[in-house]
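Asks: Taken in order, these protein sequences are the chains called A and B.
Here the first sequence is numbered in my numbering, starting from 1 and rising by one per residue.
Here the second sequence is numbered in my numbering, starting from 278 and rising by one per residue.
If you're looking for bench data, these hints aren't it; they were derived computationally from the structure.
Worth double-checking, as some hints may not be accurate.
Claimed, not checked - For each label pair, taking beta carbons as the anchor points, the in silico distance ranges come out as:
| id | chain 1 | residue 1 | chain 2 | residue 2 | range |
| --- | --- | --- | --- | --- | --- |
| 1 | B | Gln416 | A | Glu235 | 27 to 33 Å |
| 2 | A | Glu159 | B | Ile501 | 33 to 39 Å |
| 3 | B | Arg546 | A | Glu10 | 33 to 39 Å |
| 4 | B | Gly484 | A | Glu159 | 53 to 59 Å |
| 5 | A | Gly19 | B | Lys466 | 57 to 63 Å |
| 6 | A | Asp266 | B | Gly336 | 39 to 45 Å |
| 7 | A | Arg244 | B | Cys362 | 38 to 44 Å |
| 8 | B | Ala408 | A | Glu159 | 32 to 38 Å |
| 9 | B | Ala511 | A | Glu94 | 48 to 54 Å |
| 10 | A | Gln270 | B | Glu361 | 38 to 44 Å |
| 11 | A | Ser254 | B | Gly493 | 49 to 55 Å |
| 12 | A | Glu159 | B | Lys279 | 56 to 62 Å |
| 13 | A | Glu10 | B | Lys466 | 55 to 61 Å |
Claimed, not checked - With a straight-line Cα cutoff of 25 Å, these simulated DSS-like cross-link-like pairs (lysine-lysine) come out:
| id | chain 1 | residue 1 | chain 2 | residue 2 |
| --- | --- | --- | --- | --- |
| 14 | B | Lys384 | A | Lys258 |
| 15 | B | Lys483 | B | Lys440 |
| 16 | A | Lys14 | B | Lys279 |
What you are looking at is a predicted structure, and each value in this text was computed from that prediction instead of being measured.
We treat Cβ as the ideally placed atom computed from N, Cα and C, and that holds for glycine.
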Amino acid sequence: MWEYTDKVKEYFLKPRNVGEVENPDAVGEVGSIVCGDALKLSIKVDRETNRIVDAKFQTFGCASAIASSSALTELVKGKTLEEASKITNQDIAEYLGGLPDEKMHCSVMGMEALEDAINKYRGVKKILRPEENIICKCFDVSEEKIRKTAVENSLKTVEEITHYTKAGGGCGMCVPEIEQILKEVWSVQEIKERPVEKKKLTNLQRMALIQDVLEREIRPKLQADGGDLDLIDIEGNRVIVGLRGMCVDCPMGSMTIKGIEERLRDVTGQDIAVVTE
Amino acid sequence: MKTIYLDNNATTRVLPEVVEAMLPFYTDLYGNASSMHSFGGQVHGRIEQARAQVAELIGAEPEEIVFTGCGSESDNTALMSAVECNPGKRRLVTTRVEHSAILNFCKHLAVKGFHTTYLPVDTLGRISMDALLEAIDDQTAVVSVMYANNETGVVFPIEEIGKLLRARGILFHTDAVQVAGKIPIDVKKLPVDMLSLSGHKLHAPKGIGVLYVRKGVRFCPYLIGGHQERGRRAGTENVASIIGLGKACELAKKELAKGTAGMAALRDRLEKALLERCPDAVVNGDRESRLPNTTSVSFEYVEGEAILLRLDEFGICASSGSACTSGSLQPSHVLRAMGIPYTAIHGSVRFSLSSYTTPTEIDRVIEVLPPIIRELRSYSPFGRDKFEQYLCRIDGARAD
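Only chain A is shown next, with the shape it has when bound in the complex (with noise of 0.2 Å):
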């Protein structure tokens, strides 16, 4: 069970602003269904003041998306569009005294429905730019929100990242991926790389390597998926590799192969290809 302060009890038994407004002058939406909670935002604003007059919520989740929905809401009410864009998922945690590490992530949900209601609203549009990098592809979680929500809220760890941004919390293909975006935003060698001995390795060495790899660490993560994986061929730089099971029709197969590419390109420290039969 939770340890949800008495705010978010309430907020959440007893939602504020629950519903659309009428007529909105913009509409924030962000999460899915699929993911397990998402939040559309709507507000009215006062051209004259460019006051935020009116905001109502809609939310799908747990109580605590819920109650950081209904806080939102209340936090933007009567607060200058200016005012508002400065609201962080910090100060929806703390106007309801705080959430468990674990449920942060539905603050930072609150704050990104408001920045796109407020984006929408300016006419920004947020294109979606196709070198964006989706790290997470479980939870659709971009190299850039990872990036930003560390800086903001001091996060060090890949625990604390999932925490926030759900972000790794999936397969878990992309933690090291993760851990190298903190390493780079910290500038610290905190998480200790694997010291890899990166000698020239033979072909028959680098094989048996490579073998190794996918029995010990990859396929038994697939198989508890459901799926398995048969290493094909070698050829060259090139390992050529056959998808069972379930891995055959998911949808995050061409994922779970980059995940391997890069695992076996970090141990072997060549130019590893990794390609489906």
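Assemble chain B onto chain A, guided by the hints.
Replies: For chain B alone, kept in the frame of chain A given last:
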């Protein structure tokens, strides 16, 4: 406010008769069963009595009963013993919907070079015999299939699987933790080699489990030390809990003799009323082959943790397969394995009754829950009218 406890697959109330039977072993009868003096010796006699009571519940011989620390220990021990007693056989077969005591132990064995095949289940949570046949070979050390699933209550065809495996000489373990006391078990007729039980699921205390090991099945102990349990599980006996489990098994046997139709009728009444009163709700799992006490219902467009906490306000205890209640960000592995849409998994609620659940309690849930669902749905940005929109989003997400 009176607690309405409908989470009996998580744990059960220790019955007053059980507590009463246990108490003397904390106060007067504190001897060690292994001692030479009669003060300790009398404890030994009482442990053997409890062993017979447990054996009686599942149709076993007393010497086939090994007391362990919990259901997880029983599961771990069974798999470990199977691979240790079958050197050279490096394969295991289980299902994708097992308890984590099996799944995570198989992952642990994978690091040591063992390969596990996880049998898939269909949308009703059933496994296919063809898939099982395909998975086994002469390298298979053990097959472990749960007797019934904890989340959906789906009962697996253990007898059929057992016959098939026995004909091929393959060791068979079943995790029957959710079954004991809910449907009769008779290992004389059931071709299983090992079977796990847990005390706290049948009104005995926590911290006591059982591994049934059929006579003649080779066994290697997991916990090594003294000669307790005929050398099959070291450690001074958890006497009071063993006595309590014995008593609980005796009581369970009596309850089973009365039949579980009443419990099933209450469960069905709850299920029927919820489906009638809440649109866009579905029952998860095979209703033709299910424990009499369990129902898993998914309510679309709302999230399970929110439902549970609202129910909690009325003193009603249930559980959910949603991501927010799992302790991780991933929702229930069981419902995912069944291919239940994520939307439905997030809104799943499991009610598990006991023989002591009353009609008044069930009626209270029927009265309280539908308005909760209606209210939470009124908060949700999703709903039947917005369903099309949401489907597009999923398709969009799949496309890239």
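Asks: How does the Cβ-Cβ distance of Ala511 (chain B) and Glu94 (chain A) compare with 48 to 54 Å: does it lie in that range?
Replies: holds, 53 Å
Asks: Has the hinted range 49 to 55 Å been met by the Cβ atoms of Ser254 (chain A) and Gly493 (chain B)?
Replies: Taking Cβ atoms as reference, Ser254 (chain A) and Gly493 (chain B) lie about 51 Å apart, which means the hint holds.
Asks: Given the hint that Lys14 (chain A) pairs with Lys279 (chain B), test it: the Cα-Cα distance must not exceed 25 Å.
Replies: holds, 23 Å
Asks: Take the C-beta atom of Arg546 (chain B) and the C-beta atom of Glu10 (chain A), compute their distance, and say whether it sits inside 33 to 39 Å.
Replies: Because 34 Å falls inside the window, the suggested range holds.
Asks: Taking the beta carbons of Ala408 (chain B) and Glu159 (chain A), is their distance inside 32 to 38 Å?
Replies: holds, 37 Å
Asks: Kindly confirm whether 56 to 62 Å is satisfied by the beta carbon distance between Glu159 (chain A) and Lys279 (chain B).
Replies: violated, 39 Å
Asks: With a cut-off of 25 Å on the C-alpha distance, tell me whether Lys483 (chain B) and Lys440 (chain B) pass.
Replies: This hinted pair is violated, its Cα atoms lying about 33 Å apart.
Asks: Lying within 55 to 61 Å: is that true of the beta-carbon distance Glu10 (chain A) to Lys466 (chain B)?
Replies: holds, 56 Å
Asks: Given the range 57 to 63 Å, decide if the beta-carbon distance of Gly19 (chain A) to Lys466 (chain B) lies inside it.
Replies: holds, 60 Å
Asks: So does Asp266 (chain A) sit 39 to 45 Å from Gly336 (chain B), Cβ to Cβ?
Replies: violated, 55 Å
Asks: Per the hint of 38 to 44 Å, is the separation of the Cβ atoms of Gln270 (chain A) and Glu361 (chain B) within bounds?
Replies: For Glu361 (chain B) against Gln270 (chain A), whose Cβ atoms are near 39 Å apart, the range 38 to 44 Å holds.
Asks: When you take the CB atoms of Glu159 (chain A) and Ile501 (chain B), is the distance between them in 33 to 39 Å?
Replies: holds, 35 Å
Comparing the model with each earlier hint shows violations of hints 4, 6, 7, 12, 15; every other hint is respected.
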